[in-house]
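K.L.:
Residues per chain, in single letters:
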Amino acid sequence: MNVALTEIHRSFGKNEAVDGVSLELGPGVFGLLGPNGAGKTSLLRMLATVLPPSSGDIRLLDRDPGRPTARREIRRRLGYLPQSLGYYPSFTVVEFIEYFALLKEMPSAAVPKAVAVAVERVDLGAKAKAKLRTLSGGMLRRVGIAQAIVNDPDLLLLDEPTAGLDPEQRVQFRALLRTLGETATVIVSTHLVEDVGTACSEVALMSAGKIVFRGTPDELTARGAGHGVGDAPLERGYSAVLSAARS
Amino acid sequence: MSITSVPRPRPAPSRLAPPGSARALRLEFKRNAVPYVLPLLAAVFYLNAVRTADGFPPVWTLRASTITDQMLFEFTAFAGGLAAWAGSRDGRRKTVDLVAATPRPAWARQGIALAGSLGWLLLAYLAGVAVLYIQTALQATWGGPPLWPVFVGAVGVTAVAMIGFTCGVFFPGRFTAPLVAIGVLVLYLTGFREALGITGSSGTAALLSPATSPPGVDAGVYYHVPPDLPITQVMFMGGIAVGLFGVLGLAPELRLLASARSLGSLRAALAPSDGWPLRGVAVILVASGVAASWAAFALAGTAKPDPVGGWEIPALHSAASDQPVPAAQDCTSPPAFQVCVHPAFGFYLDDLAAALDPVAAQIAGLPGAPVGAREVPSLSGGQDVQSGIAGNPAEFEFTAEHVGTMFGQFLGNGRDPVGWREGFQQGLLDAFLTGRPPQAGQVPIPLGPAQQAVEDALLTAVRSQPFSPSVTSAGVSAAAQRFAALSASARHAWLAANLAALRAGTITLAQIP
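Protein chains in written order, with this note's numbering: chain A, 298 to 544; chain C, 5 to 517.
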């Protein structure tokens, strides 16, 4: 099991951001949906081992991230794209990805090839030597995705990965997700339900720190039958589940 | 969702030497902020350190003092600010989560980022030292480059960079770097010594600051400069650097402690974990740094002035450094008025001889007139040596302190070779007309009116400027003009007849022909 969460809680002061989430995931693309403040980013940060849970048990890649040695091993096999991607403006695309490949402790000899593959996978070959400060928001997002996948991770966490991507890039990105999901556990947190519908084999919907729905995209769509809010069937399912959860 | 077996584990790299450290360091070095400010640093370095050094006589110890007195002023301000900029990078650029999710420990990441900045700063610092030392090597006539000031400066840059970097890590923000730079600048401007109130009696711990006033012009020429103080300064600043590096290693625990709101979270922060070897190393570094700095502080408190103008620390002092430095003096050729200087001051021997020869000719053959001039150390028993006439045959003994005005060092009025020449001639005549021997102690009392009038006349006779009439009285000026109007032989004859009375102060202005 790549991800095993048992009754995870995380609070910030009096605010319970994640409230008793339990989840077990193997390889595949897993969509995490929910409105703003639902706890998606906090959950992803805990999965990325940068935020410890207030309580509950987390096992990632069959290891306990609470133990430093195990955490280091997990991180070596982890790819993470935060919601707000920071970057070093003076680095070029290749240098930034290479830097993170090195921070992920990839063998030095393997780094150049891995960087080149990652750059090509996000279609940034033409901008490989451009300084990050010269790139558009969408291109920076792709750089972020490239650094996340450069180490060929077994657990890939993507927080709003398609924000800023144009429609063509989003289509390409969904294809990339499907490919990655064949061998790794890919968790995609997003507001965009169409990403989930086309790329994810399973989806969870969070509201107020809890998982209020878990199933396939088709099952979520079915929940929307007869519900009037939303343009697309999946959106109607999303709205229906949320409405039910709030009531 | 399918459930499959966990992917095969990947080989764990060495804990001590994670792979790719050299490549990561290359990237940090390549994309560092320091090179962008190097032109500004170079300009400040030229305007401050190079020009100050240029105003000093080309004597190694004196020129090397600009490393700690001037260079460190600008280099530490830049080092502190730039290191704080590097240390605050992840906070400023919002990459904290991104880097925290990588397996490389924060300490190792920070070490690489610090090394990138520190490497540039030390390279720039060493390039600055090279400029100063090459400039000195082209002009100096004796000795070689002192290495202790270089070492003290390098450790100073490292310590301030460490302080800046640590501030950047703990207080990331776009204002951290300028605040650190300004803080270092203010510390330097006010001076550790003034800040700590160092005086002859108020303790000597402030000697730990490398910023000092320039040493005597012949420091390190006649006697070695003992390494006691540099050793203590290196211990103190090195201790700060090592201790702060340890603090960086404990940063996660310190953050947990700072945010601990309950006994449970405090226990969690202090709980043993399998990261203890790293914590242990960090604690040892902090303890070592504190111990070194504390020991240096205690040692500096025992410092006392040595007889030749430096400081000695009894626990570190070696008697070998008290021995005179052997050197044969450089002299002009006899049989004319022979002028001898230490070879370190050989660069001004010809100028000195040209200044003294005409005055010596005016008094040649008179009782007690010197047949030569010889340079002696400017300090004896911890006191300034005043020039005078001694020996048989008589010699004018002077110190190298006079050379400063040649370079505009001491008066702050720029180069003044004419003023220097006339000052030197006055020094010789002062000693001759009063008959005083060289002595260590207070500046001698000024000449009497008749002595001053004769000196002014003799200076006028060799086409030098006498004391300004605004300084001397109208009577002195009138007597000097009368005496200068006499022929050289008439002046010589009058001096031969009246020198004893003139020295005794019994000649009046009216008695001067």
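These are computed hints drawn from the structure, not numbers from a lab. Check before you lean on any hint, since a few could be wrong.
To be verified - Below, a list of computed lysine-lysine pairs in the BS3-like style, where the Cα atoms sit at most 27 Å apart:
id : chain 1 : residue 1 : chain 2 : residue 2
1  : A       : K410      : C       : K34
2  : A       : K311      : A       : K507
3  : C       : K98       : A       : K426
4  : C       : K308      : A       : K428
5  : C       : K34       : A       : K507
6  : C       : K98       : A       : K424
7  : A       : K424      : C       : K308
8  : A       : K311      : C       : K34
K.L.:
Does each hint fit the structure? Answer for all of them.
P.N.:
Hint-by-hint comparison with the structure:
1. A hinted pair counts as satisfied when its Cα atoms are at most 27 Å apart, and A/K410 with C/K34 qualifies at roughly 21 Å.
2. For the proposed pair A/K311 and A/K507, the alpha carbon gap of about 16 Å is at most 27 Å, so the pair holds.
3. Restraint check for C/K98 and A/K426: the C-alpha separation of about 22 Å stays at or below 27 Å, so the hint holds.
4. Using a Cα cut-off of 27 Å, the hinted pair C/K308 and A/K428 is violated, with the two alpha carbons roughly 57 Å apart.
5. In summary, the hint linking C/K34 to A/K507 is not supported, as the alpha carbons are separated by about 46 Å, beyond the 27 Å threshold.
6. Simply put, C/K98 and A/K424 have alpha-carbon atoms about 23 Å apart, close enough for the 27 Å limit, and the pair holds.
7. A C-alpha spacing of about 65 Å is found between A/K424 and C/K308, which places the hinted pair above 27 Å, so the restraint is violated.
8. Note on A/K311 and C/K34: the hinted pairing is violated, with a Cα-Cα distance of about 45 Å set against a maximum of 27 Å.
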